[in-house]
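Asks: FYI, in mature numbering (1 follows the signal peptide of the UniProt record, and there is no 0) the residues of the sequence shown are -23 to -1, 1 to 60.
Bear in mind the hints are in silico, worked out from the structure with no lab data behind them.
Treat the hints with care, as some may be off.
[Said to hold, decoys possible] Quick list of simulated restraints, FRET-style, between CB atoms:
id: 1; residue 1: Val59; residue 2: Ile(-18); range: 45 to 51 Å
id: 2; residue 1: Asn13; residue 2: Ile(-18); range: 28 to 34 Å
id: 3; residue 1: Cys10; residue 2: Ile(-18); range: 41 to 47 Å
id: 4; residue 1: Val9; residue 2: Asp51; range: 43 to 49 Å
id: 5; residue 1: Arg(-19); residue 2: Asn13; range: 48 to 54 Å
id: 6; residue 1: Asp52; residue 2: Cys10; range: 23 to 29 Å
id: 7; residue 1: Ser53; residue 2: Ser25; range: 36 to 42 Å
id: 8; residue 1: Pro60; residue 2: Ser32; range: 22 to 28 Å
id: 9; residue 1: Cys10; residue 2: Ser32; range: 17 to 23 Å
id: 10; residue 1: Arg(-19); residue 2: Cys10; range: 44 to 50 Å
Every residue gets a Cβ at the ideal spot worked out from N, C-alpha and C, and that includes glycine.
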Amino acid sequence: MAGYRIGVLVLLLFSGTILLGISKEGYVDAKVCTRNCDPEVAYMTCPSSGDEKISPVCVNCCSAKVDCKLFRRDDSLKCIGVP
């Protein structure tokens, strides 16, 4: 009886390992963004707003929407939002 349980356990572990190995190809690198406001960001522009300056903003380079540009107070570009 004990041998049967061990055999079933080994079979389940082996099957799970194979399934995880197969489905591993489908994983996508995900980015983890904090919700902190970047104090260096004075304003941003986004394609959806027609390059209008949007301020005040509470975003950072990681949490900005795709293609939105974040600028510092001196109008220098800090970063661009990526997917």
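Asks: A separate judgement is required for each hint: does it hold in the structure or not?
Replies: Hint check:
1. Val59 - Ile(-18): 45 to 51 Å: 49 Å, holds
2. Asn13 - Ile(-18): 28 to 34 Å: Violated, since Asn13 and Ile(-18) (Cβ atoms, about 50 Å apart) do not stay within the stated range.
3. Cys10 - Ile(-18): 41 to 47 Å: 45 Å, holds
4. Val9 - Asp51: 43 to 49 Å: Once the Cβ atoms are compared, 29 Å apart, the range 43 to 49 Å for Asp51 and Val9 is violated.
5. Arg(-19) - Asn13: 48 to 54 Å: 50 Å, holds
6. Asp52 - Cys10: 23 to 29 Å: Holds - the Cβ-Cβ distance for Asp52 and Cys10, about 25 Å, lies within 23 to 29 Å.
7. Ser53 - Ser25: 36 to 42 Å: 23 Å, violated
8. Pro60 - Ser32: 22 to 28 Å: 24 Å, holds
9. Cys10 - Ser32: 17 to 23 Å: 20 Å, holds
10. Arg(-19) - Cys10: 44 to 50 Å: The hinted range 44 to 50 Å holds for Arg(-19) and Cys10, with Cβ atoms some 45 Å apart.
Comparing the model with each earlier hint shows violations of hints 2, 4 and 7; every other hint is respected.
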